[in-house]
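Trainee: Here is how the chains run, residue by residue.
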Amino acid sequence: MTMLGYQNKVLRVDLTKKGATTEPLRMDWAEKYIGSKGLAIKYLYEELKPGIDPLSPDNKLLLMTGPMTGTPIPCSGKLSISAKSPATGTINDCSIGGHSALQIKYAGYDAIIFDGALKEPGYLLIEDGNVQFKDASELWGKGSHEAEATLAEKYGHDYSILSIGPAGENLVTMACINSDYYRQAGRGGIGAVMGSKKLKAIVIKGTGGVKIPNIVENTKKITEILREDTLQEDNTFIYDYGTTAFLEACSDGGILPSKNFSDATDENWTKYNGDVLLEKRVGKRGCGSCGLGCGNFLKFENATVEGPEYESIAVAGPNAGIDDPEAIVKFNQIADDMGLDTISAGDTINFAMEMTEKGVHDFGIRFGDKVKYLEYLVLMAKREGVGADLALGVKKLTEKYGGEDYALHVKGLEYPQYEPRGSWGMSLAYAVSDRGACHMRAYAPNEEVFAASIPPYTAEGKGEMVYNLGVFNAVKFSLCICDFWATLSYERMAELMTLITGREWTEQEMKEVGARVLNIARAFNQREGFDRKDDTIPKRLVNEALQSGAAAGQKIPQEAFEDMLDQYYAVLGWDKNGMIPDDMICKL
Amino acid sequence: MKRLKFAKSKCIGCQLCAQACSAMHEGEYIPSKARINIESYYDKGGELKYKDSFCILCGICKKQCPVGAITLEEHIVVDHTICIGCGVCERACPKKVIRIRDEKSYICDTCDGDPACVKICPQNALTFE
Amino acid sequence: MKITIQLRGSLTKYFQGEKVRSVEVPDDCTAEEALKTVGIDWTAIRNFGFVAVNSRRVMIYDRLKEGDELKAYPKISGG
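One line per chain: the protein sequences are A, B and C, in this order. Heads up, the first sequence is in this note's numbering, so the first residue is 1 and it goes up one at a time. Heads up, the second sequence is in this note's numbering, so the first residue is 1 and it goes up one at a time. Heads up, the third sequence is in this note's numbering, so the first residue is 1 and it goes up one at a time.
For the record, the hints were derived by calculation from the structure and aren't laboratory data. Be aware that a few hints might be false.
Anything over 10 Å on all C-beta distances counts as not near chain A; from chain B, calculated [as the list claims (entries may be wrong)]:
{"#": "1", "residue": "Phe6"}
{"#": "2", "residue": "Glu26"}
{"#": "3", "residue": "Ser40"}
{"#": "4", "residue": "Tyr42"}
{"#": "5", "residue": "Asp52"}
{"#": "6", "residue": "Gly59"}
{"#": "7", "residue": "Pro66"}
{"#": "8", "residue": "Leu72"}
{"#": "9", "residue": "His80"}
{"#": "10", "residue": "Val88"}
{"#": "11", "residue": "Pro94"}
Pairs of lysine-lysine residues, derived as BS3-like cross-links and limited to a Cα-Cα distance of at most 30 Å, are as follows [to be verified]:
{"#": "12", "chain 1": "A", "residue 1": "Lys299", "chain 2": "B", "residue 2": "Lys44"}
{"#": "13", "chain 1": "B", "residue 1": "Lys51", "chain 2": "A", "residue 2": "Lys205"}
{"#": "14", "chain 1": "B", "residue 1": "Lys119", "chain 2": "A", "residue 2": "Lys220"}
{"#": "15", "chain 1": "A", "residue 1": "Lys220", "chain 2": "B", "residue 2": "Lys2"}
{"#": "16", "chain 1": "B", "residue 1": "Lys44", "chain 2": "A", "residue 2": "Lys211"}
{"#": "17", "chain 1": "A", "residue 1": "Lys372", "chain 2": "B", "residue 2": "Lys44"}
{"#": "18", "chain 1": "B", "residue 1": "Lys5", "chain 2": "A", "residue 2": "Lys211"}
{"#": "19", "chain 1": "A", "residue 1": "Lys220", "chain 2": "B", "residue 2": "Lys104"}
{"#": "20", "chain 1": "B", "residue 1": "Lys8", "chain 2": "C", "residue 2": "Lys13"}
{"#": "21", "chain 1": "B", "residue 1": "Lys44", "chain 2": "A", "residue 2": "Lys280"}
{"#": "22", "chain 1": "C", "residue 1": "Lys13", "chain 2": "B", "residue 2": "Lys10"}
{"#": "23", "chain 1": "B", "residue 1": "Lys5", "chain 2": "A", "residue 2": "Lys299"}
{"#": "24", "chain 1": "A", "residue 1": "Lys220", "chain 2": "B", "residue 2": "Lys8"}
{"#": "25", "chain 1": "B", "residue 1": "Lys10", "chain 2": "B", "residue 2": "Lys104"}
{"#": "26", "chain 1": "A", "residue 1": "Lys142", "chain 2": "B", "residue 2": "Lys49"}
{"#": "27", "chain 1": "C", "residue 1": "Lys13", "chain 2": "A", "residue 2": "Lys280"}
{"#": "28", "chain 1": "A", "residue 1": "Lys220", "chain 2": "B", "residue 2": "Lys95"}
{"#": "29", "chain 1": "B", "residue 1": "Lys44", "chain 2": "A", "residue 2": "Lys119"}
{"#": "30", "chain 1": "B", "residue 1": "Lys44", "chain 2": "A", "residue 2": "Lys154"}
{"#": "31", "chain 1": "B", "residue 1": "Lys95", "chain 2": "A", "residue 2": "Lys211"}
{"#": "32", "chain 1": "B", "residue 1": "Lys44", "chain 2": "A", "residue 2": "Lys370"}
{"#": "33", "chain 1": "A", "residue 1": "Lys205", "chain 2": "B", "residue 2": "Lys95"}
{"#": "34", "chain 1": "A", "residue 1": "Lys280", "chain 2": "B", "residue 2": "Lys51"}
{"#": "35", "chain 1": "A", "residue 1": "Lys142", "chain 2": "B", "residue 2": "Lys44"}
{"#": "36", "chain 1": "A", "residue 1": "Lys134", "chain 2": "B", "residue 2": "Lys5"}
{"#": "37", "chain 1": "C", "residue 1": "Lys65", "chain 2": "A", "residue 2": "Lys271"}
{"#": "38", "chain 1": "A", "residue 1": "Lys205", "chain 2": "B", "residue 2": "Lys8"}
{"#": "39", "chain 1": "A", "residue 1": "Lys299", "chain 2": "B", "residue 2": "Lys104"}
{"#": "40", "chain 1": "A", "residue 1": "Lys198", "chain 2": "B", "residue 2": "Lys95"}
Positions of the beta carbon are idealized from the N, C-alpha and C atoms, including for glycine.
Please put together the full structure from these sequences, using the hints given.
Mentor: Here it is in structure tokens:
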């Protein structure tokens with residue numbers, strides 16, 4: 001039966017020919033992968049030839065919504081932006097908040113697929129069915145914030161604007177895509193893919209709608225679910241504190257990284273914690289259809305940002321040896337404007353600090369240097385001076401200068417700010433994530449650190465744990481529903497899918513979709529040549545024990561890590577080399 | 001007489017109000033056809049601003065309507081058999097929330113005293129009092 | 001022995017909205033037992049997270065000393 005919720009239409013934009021066509025959505029694929037993350041990966045798996053250069057016109061940039069996008073399903077406003085990653089060579093699906101997902105859906109499209117590349121910098125204007133290629137020569141070279149402000153002035157604040165900064169234009173492989181000034185599709189160099197297509201911005205306005213069955217009755221049902229489930233206190237803490245709420249838990253948990261992951265506590269954390277940061281809060285904002293409103297709009301004397309999120313605080317705070325809250329907020333603001341992923345950019349500068357201090361290579365910056373920290377961000381975005389080196393990221397820098405003993409990345413994607421020596425399952429999660437070290441695929445700390453009776457410092461049972469977390473998030477991000485609806489369950493997801501599409505979905509089917517998404521992402525990477533040898537644990541975690549905090553004395557033996565990998569592959573039915581067997585691939 | 005009230009400090013810009021409104025009246029989630037239009041945005045990234053178009057039951061539309069199509073008791077009612085879609089009400093509305101579509105005027109009717117936008121507003125920025 | 005108990009997030013409802021209390025608990029008791037004395041049975045709370053003693057995470061069955069600060073968190077997820 002035809003599922004409602006979808007527009008059943010894909011906008012395909014050929015940037016080389018400057019043409020736009022529409023085609024039906026592959027509903028047979030949507031039956032298996034639903035939308036957003038899962039459906040984007042399926043499209044890329046089918047449409048991309050293996051071995052292409054991610055920065056060539058052969059790569060595709062996919063903006064993918066889900067059936068719930070544009071409906072009042074709580075926390076359904078995120079947009080998947082996906083491509084092959086120039087940072088890692090793996091599949092890369094990003095998730096951006098704000099309002100652009102809804103505009104795309106209301107414009108009448110489930111997805112927008114960008115093929116090829118423009119010859120000159122341009123931006124795309126999409127007003128429902130009307131697609132125009134515009135000249136961006138006046139905007140090229142400008143920060144993302146100035147570009148967005150210019151376009152908002154021209155078209156109106158009700159238009160959604162996705163843009164890149166100088167980092168994306170300069171093909172820096174940690175460049176992001178911005179929207180609503182302070183929301184990002186952050187990791188894996190997604191902004192560089194957009195930059196390689198000379199696409200400065202996408203401006204969208206939709207005046208259409210989304211249909212679901214029994215809309216009056218179902219809207220009442222959704223309102224009930226919003227009030228009784230989404231808005232319970234276990235979820236609403238994110239309105240009050242944003243992700244600053246994680247700082248104390250991670251500090252107590254012994255997993256808050258300091259000085260390039262050389263230790264995992266910071267006695268100064270109260271100088272930049274939620275209490276301090278939120279004193280400067282002047283407003284609240286959320287994504288389209290969000291009930292929770294996680295965005296904190298902060299104004300310091302010289303720094304303004306909606307944020308900062310836990311990752312940005314930790315990477316530019318304790319992990320850089322910095323404890324100045326205004327400097328951390330300024331880092332976030334500049335990174336957003338330059339169009340750089342805060343996690344990868346911060347991690348790279350922190351690595352450079354350690355290299356300098358150890359005398360391996362002088363990058364001219366040491367831990368705690370909050371002034372140079374901000375200058376280096378701009379240099380990285382522009383590939384100028386020392387920024388030309390730093391823009392390469394941790395993996396390429398170790399290939400050039402050494403320092404592998406304290407280089408924290410997997411497959412070339414730099415490490416998020418959760419220390420696995422205090423959460424062993426997280427080392428597995430980072431290793432097997434589909435796009436390199438990512439904390440959003442399987443959020444292990446919640447299961448083994450923020451847990452009363454699960455031991456964090458053991459390999460036992462972690463394969464299954466990471467698998468279960470990964471399946472849940474994979475299907476959740478294919479609907480898609482945001483992480484902050486923490487009390488979401490398989491049962492609830494099935495109920496919402498049934499409500500929106502009019503087709504009966506079961507809990508079991510939700511789990512199957514999740515497992516299928518994990519497998520197709522792996523199949524994509526496998527086809528690019530990835531296997532067990534690339535599911536790695538950084539040397540620091542194996543060789544050096546943490547000095548302080550709850551996990552003091554902990555390091556992860558290589559055998560324990562290998563054991564976790566074995567467990568994980570076994571649960572998924574992959575072979576000992578982490579390869580999916582052919583008979584599984586053909587079912588995808 | 002109860003009216004819609006809006007506390008912008010509580011608004012998170014989710015636009016669920018416009019979705020609920022259009023669901024009840026238009027059979028789709030289609031904010032462009034909603035009879036309420038509340039948005040928040042960052043002006044040049046530096047200031048959080050709000051656009052708050054909602055019916056405050058001021059009655060100016062009724063006073064200005066040249067054909068007497070609009071009545072106001074507990075809420076606005078537009079008689080589409082009389083309305084000629086001239087647009088005077090749209091231009092006069094101080095909250096810029098009236099829309100002329102297919103030569104007829106569409107104005108908030110408070111869902112007959114039980115507004116859907118108020119029921120769905122997750123942060124209780126919209127109230128009916 | 002005397003200890004302080006700090007609650008975070010949705011757990012503060014067990015202290016009627018307060019975050020911290022000084023309490024008397026049996027000598028050498030476990031974190032689990034200490035929470036029981038203030039009416040918190042962690043096994044019955046779906047969203048119970050973890051406990052920390054003097055700002056360091058411990059297991060729920062680890063033992064406390066005089067003057068310890070016991071902190072209890074709900075689960076939190078996201079990034």
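Trainee: Hints first: check each against the structure and report whether it holds.
Mentor: Here's how the hints hold up against the structure:
{"no.": "1", "hint": "Phe6", "result": "15 Å, holds"}
{"no.": "2", "hint": "Glu26", "result": "7 Å, violated"}
{"no.": "3", "hint": "Ser40", "result": "6 Å, violated"}
{"no.": "4", "hint": "Tyr42", "result": "5 Å, violated"}
{"no.": "5", "hint": "Asp52", "result": "13 Å, holds"}
{"no.": "6", "hint": "Gly59", "result": "27 Å, holds"}
{"no.": "7", "hint": "Pro66", "result": "28 Å, holds"}
{"no.": "8", "hint": "Leu72", "result": "25 Å, holds"}
{"no.": "9", "hint": "His80", "result": "20 Å, holds"}
{"no.": "10", "hint": "Val88", "result": "23 Å, holds"}
{"no.": "11", "hint": "Pro94", "result": "19 Å, holds"}
{"no.": "12", "hint": "A:Lys299 with B:Lys44", "result": "14 Å, holds"}
{"no.": "13", "hint": "B:Lys51 with A:Lys205", "result": "17 Å, holds"}
{"no.": "14", "hint": "B:Lys119 with A:Lys220", "result": "9 Å, holds"}
{"no.": "15", "hint": "A:Lys220 with B:Lys2", "result": "22 Å, holds"}
{"no.": "16", "hint": "B:Lys44 with A:Lys211", "result": "34 Å, violated"}
{"no.": "17", "hint": "A:Lys372 with B:Lys44", "result": "26 Å, holds"}
{"no.": "18", "hint": "B:Lys5 with A:Lys211", "result": "29 Å, holds"}
{"no.": "19", "hint": "A:Lys220 with B:Lys104", "result": "28 Å, holds"}
{"no.": "20", "hint": "B:Lys8 with C:Lys13", "result": "29 Å, holds"}
{"no.": "21", "hint": "B:Lys44 with A:Lys280", "result": "19 Å, holds"}
{"no.": "22", "hint": "C:Lys13 with B:Lys10", "result": "24 Å, holds"}
{"no.": "23", "hint": "B:Lys5 with A:Lys299", "result": "28 Å, holds"}
{"no.": "24", "hint": "A:Lys220 with B:Lys8", "result": "24 Å, holds"}
{"no.": "25", "hint": "B:Lys10 with B:Lys104", "result": "33 Å, violated"}
{"no.": "26", "hint": "A:Lys142 with B:Lys49", "result": "24 Å, holds"}
{"no.": "27", "hint": "C:Lys13 with A:Lys280", "result": "27 Å, holds"}
{"no.": "28", "hint": "A:Lys220 with B:Lys95", "result": "27 Å, holds"}
{"no.": "29", "hint": "B:Lys44 with A:Lys119", "result": "29 Å, holds"}
{"no.": "30", "hint": "B:Lys44 with A:Lys154", "result": "12 Å, holds"}
{"no.": "31", "hint": "B:Lys95 with A:Lys211", "result": "28 Å, holds"}
{"no.": "32", "hint": "B:Lys44 with A:Lys370", "result": "26 Å, holds"}
{"no.": "33", "hint": "A:Lys205 with B:Lys95", "result": "22 Å, holds"}
{"no.": "34", "hint": "A:Lys280 with B:Lys51", "result": "23 Å, holds"}
{"no.": "35", "hint": "A:Lys142 with B:Lys44", "result": "14 Å, holds"}
{"no.": "36", "hint": "A:Lys134 with B:Lys5", "result": "41 Å, violated"}
{"no.": "37", "hint": "C:Lys65 with A:Lys271", "result": "29 Å, holds"}
{"no.": "38", "hint": "A:Lys205 with B:Lys8", "result": "24 Å, holds"}
{"no.": "39", "hint": "A:Lys299 with B:Lys104", "result": "45 Å, violated"}
{"no.": "40", "hint": "A:Lys198 with B:Lys95", "result": "41 Å, violated"}
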